[in-house]
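Asker: Protein chains in written order, with numbering that gives the first Met the number 0: chain A, 0 to 256; chain B, 0 to 379.
Wrong hints could be hidden among the right ones.
[Claimed, not checked] Taking lysine-lysine pairs in the DSSO-like style, the calculated list, with each CA pair at most 27 Å apart, reads: (1) B:Lys304 - B:Lys376; (2) A:Lys154 - B:Lys223; (3) B:Lys223 - B:Lys200; (4) A:Lys170 - B:Lys304; (5) A:Lys170 - B:Lys268; (6) B:Lys20 - A:Lys13; (7) B:Lys268 - B:Lys304; (8) A:Lys256 - A:Lys85; (9) B:Lys302 - B:Lys20; (10) B:Lys223 - B:Lys302; (11) B:Lys298 - A:Lys154; (12) B:Lys304 - B:Lys230; (13) A:Lys170 - B:Lys200; (14) A:Lys154 - A:Lys170; (15) B:Lys302 - B:Lys332; (16) B:Lys200 - B:Lys88; (17) B:Lys302 - B:Lys230; (18) B:Lys302 - A:Lys154; (19) A:Lys13 - A:Lys170; (20) B:Lys302 - B:Lys88; (21) B:Lys376 - B:Lys230; (22) A:Lys170 - B:Lys298; (23) B:Lys200 - B:Lys230; (24) B:Lys230 - B:Lys88.
If you're looking for bench data, these hints aren't it; they were derived computationally from the structure.
As the structure is a computational prediction, the values presented were derived from the model and not from experiment.
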Amino acid sequence: MPFTDNFLEVDGCKLHVRRGGSGRPLVFLPGASGEPAVLPFMEKLATRFDVLVPDNPGYGQSDEPAWLENIHDVAYFYLDAFAQLKLENVVLIGASMGGWMAMEIAVRNTSRLHSLMLVSPAGIRAPGAEPADLFLLPPEDTVRRLFHDQSLAEKRLAMPMSPEAIDLALKNRHTTARLAWEPRLHDPMLPKWLPRIDVPVSIVWGAQDRILPVGIAHELKRLLPRAELNVIEACGHRPQEEKAEQFCELVFRFACK
Amino acid sequence: MQIVLFHLMPYADLDLAAGRKNGTVWVTLPNRNFDPERGHRLYNRYLDELEYGEELGWDVLAVNEHHQTAYGLMPSPIVTASALARRTKRVKIAILGSALPLRTHPLMVAEEHAMIDVISGGRLITGFVRGIGAEYHTFGVNPTFSHDRFHEAHDLIVRAWTEPGPFAFHGHHYNFQYVNLWPRPYQKPHPPIWIPSQGSKETIDWASHPDRRYTYLQTFSPVKVVQRYLKSYRDTCAGYGYQCQDRQLGWAVPVYVGDTDASARAEAKEHFEAFRNVFVKMPLEMLLPPGYTSRESLKNVMKAKAQMFGDVTIDQALELGLFVCGSAETVTKAFESYWREMRFGNLLVMCQFGTLPAELTRANMERFARGVMPRLKALN
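Could you build the full structure based on these sequences and the hints that come with them?
Answerer: Below is the structure:
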């Protein structure tokens, strides 16, 4: 299923969106390192959905708009983007930083949403489950912590970094700092409003997540009691990559209802 | 030339092995390594050293701000500057500087500096900094807003010092309905403002602007870098259409004066190397958090990583001009030669560094004050 690169302008910000497949729209918001390539999970989801994978504002090939100062700006931006794209009945999936964005979108307005899937999202904190310090870890350590299966980490670390990839990594890192430096990777006000989310919610977490420990999943489930919780064994912070088959099955089962 | 005695007040009793093992003495070195009784002795020793600086003839005593680190024990330079304000009579007192973006309430900086200026009868030199990268980790302040917060806090403080209050200040980061400083500063229009920096075009453009003409201090850099940035400051002034005064430039550097070149080197070696290779050291991610510098500068540092983050011996440091050390004659000649080339009006010497103990620090200060300072003061 081929994906095409699309650029649109929303709120004065150029947004890069990879789009492929057909069916109900599925928007996948990536995490702090973005999704710079089309991965097998995207291909598989595209067999049953119209899959849109944007580079979040401030990330990847999207602009860094001057107005981008906090996570709330991202939420209003995406609500405008969904309206501009005339998306209805959207399956919104957010991973890591993207999961935080997805929650901030959904507490504001679910009228264009079919359902919400949160894949090891940032956004809330849980006592005793401290996230890794992404800003202090050497970059190689961060990559190792992304995966349970270290051969995946080694494979990624073995890939040479082009100057363009270094620029993108620095850009992504800058935006993550802007949105998540303090309070670190969460919005203390978010739990207050999570009960506003009135579409089905699925929480997916790797049991061996060493970026955002699985303890946060249980806190999120407590805050969203009607949500389903799927903890994937032998899996790190990126179920969509490390357990792509299982991840896609979860999406199909949850979002094709 | 004006001669400044600059002190970092490091935790000189540090277990160096613990610092090395942790990879840095900043942010993450467990504070069980700090012993309050040793701390008590060190603070009083260091304050005595600064006070002795007045007796020995220094023009200015300087303190600075660092947080949660063995590198410097002055999270509040206000405390040390206040102590000096009461124990000295003639000498100027420089705070180099207060880290503005770290403050949630910069009016407090305006108030504290004004208090010291009034208590000391106008002997305060104010310095403003952004804080180093590590401090964005220790203080949690978002480094991507560092420049914005610095400029906004600076504007607020200078207005608070100079404009009749009460007035309202509405900024993007700071908002105050009533700005109405009690006390107002002693000096008119306000204490001189110095800007310590590791060198950046943006800082130079801003500090040298005709509206400000702030004194620019290049700190702890290889002498080639000092030359480059001081020249850049002069060129920028010329670009603005005025001639840079020597008093607008300063250089901060650790110095050790011994009886001979050989004895100076032998006495300073382990203490300088502890300073450079333990106290200063930190990983790139700590030094330059996102947004603290432009991404272009960050990439340049990444390229020079091996050189910047590796160990430096005393001989390499002398070669680079990171450190000035020798007999009084050698040190005098070195500074005379540098001065002729760069014409900095302020020389900030750090006579205690790393683990340098009290006796050697005092001997260093005395040899500098007697054998070096008079000739440097005469340079004009």
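Asker: Hint by hint, say whether it matches the structure.
Answerer: Structure-based check of each hint:
Distance check on the hinted pair: Lys304 of chain B and Lys376 of chain B sit about 38 Å apart at the alpha-carbon level, beyond 27 Å; violated. For the hint linking Lys154 of chain A to Lys223 of chain B, the alpha-carbon distance of about 42 Å lies beyond 27 Å, and the restraint is violated. For the hint pairing Lys223 of chain B with Lys200 of chain B, the CA-to-CA distance comes to about 16 Å; that is within 27 Å, so the pair holds. Between Lys170 of chain A and Lys304 of chain B the CA atoms are separated by roughly 20 Å; this keeps the pair inside 27 Å, and the hint holds.
Proposed proximity of Lys170 of chain A and Lys268 of chain B is contradicted: the alpha carbons are some 41 Å apart, above 27 Å. Among the hinted pairs, Lys20 of chain B with Lys13 of chain A is inconsistent with the structure: their alpha-carbon atoms are about 46 Å apart, more than 27 Å. Distance check on the hinted pair: Lys268 of chain B and Lys304 of chain B sit about 24 Å apart at the alpha-carbon level, within 27 Å; holds. Between Lys256 of chain A and Lys85 of chain A the CA atoms are separated by roughly 22 Å; this keeps the pair inside 27 Å, and the hint holds.
Proximity of Lys302 of chain B to Lys20 of chain B is assessed by CA-CA distance (about 25 Å); at most 27 Å being required, the pair is judged to hold. With a CA separation close to 18 Å, the supplied pair Lys223 of chain B and Lys302 of chain B stays within the 27 Å bound. With a CA separation close to 24 Å, the supplied pair Lys298 of chain B and Lys154 of chain A stays within the 27 Å bound. For a cut-off of 27 Å, the pair hint linking Lys304 of chain B to Lys230 of chain B stands: about 25 Å separates their Cα positions.
Restraint check: the Cα-Cα separation between Lys170 of chain A and Lys200 of chain B comes to about 21 Å, which is no more than 27 Å; the hinted pair holds. The hinted pair formed by Lys154 of chain A and Lys170 of chain A meets the criterion: a straight-line CA distance of about 23 Å does not exceed 27 Å. In summary, the hint linking Lys302 of chain B to Lys332 of chain B is not supported, as the alpha carbons are separated by about 35 Å, beyond the 27 Å threshold. Under the criterion of a C-alpha separation no larger than 27 Å, the hint pairing Lys200 of chain B with Lys88 of chain B is inconsistent with the structure, at around 37 Å.
At roughly 24 Å between alpha-carbon atoms, Lys302 of chain B and Lys230 of chain B fall within 27 Å of each other, so this suggested pair holds. This hinted pair checks out: Lys302 of chain B and Lys154 of chain A have alpha carbons roughly 24 Å apart, not beyond 27 Å. Distance restraint check for Lys13 of chain A and Lys170 of chain A: the Cα-Cα separation of roughly 15 Å lies within the 27 Å cut-off, and the hinted pair is therefore satisfied. As the CA atoms of Lys302 of chain B and Lys88 of chain B are separated by approximately 48 Å, the hinted pair breaks the 27 Å bound.
Simply put, Lys376 of chain B and Lys230 of chain B have alpha-carbon atoms about 22 Å apart, close enough for the 27 Å limit, and the pair holds. Taking the CA atoms of Lys170 of chain A and Lys298 of chain B, the gap is near 12 Å; set against the 27 Å cutoff, the hint holds. Using a Cα cut-off of 27 Å, the hinted pair Lys200 of chain B and Lys230 of chain B holds, with the two alpha carbons roughly 12 Å apart. Distance hint between Lys230 of chain B and Lys88 of chain B is unfulfilled; the C-alpha atoms sit about 35 Å from each other, more than 27 Å.
In summary, the numbered hints that this structure violates are 1, 2, 5, 6, 15, 16, 20, 24.
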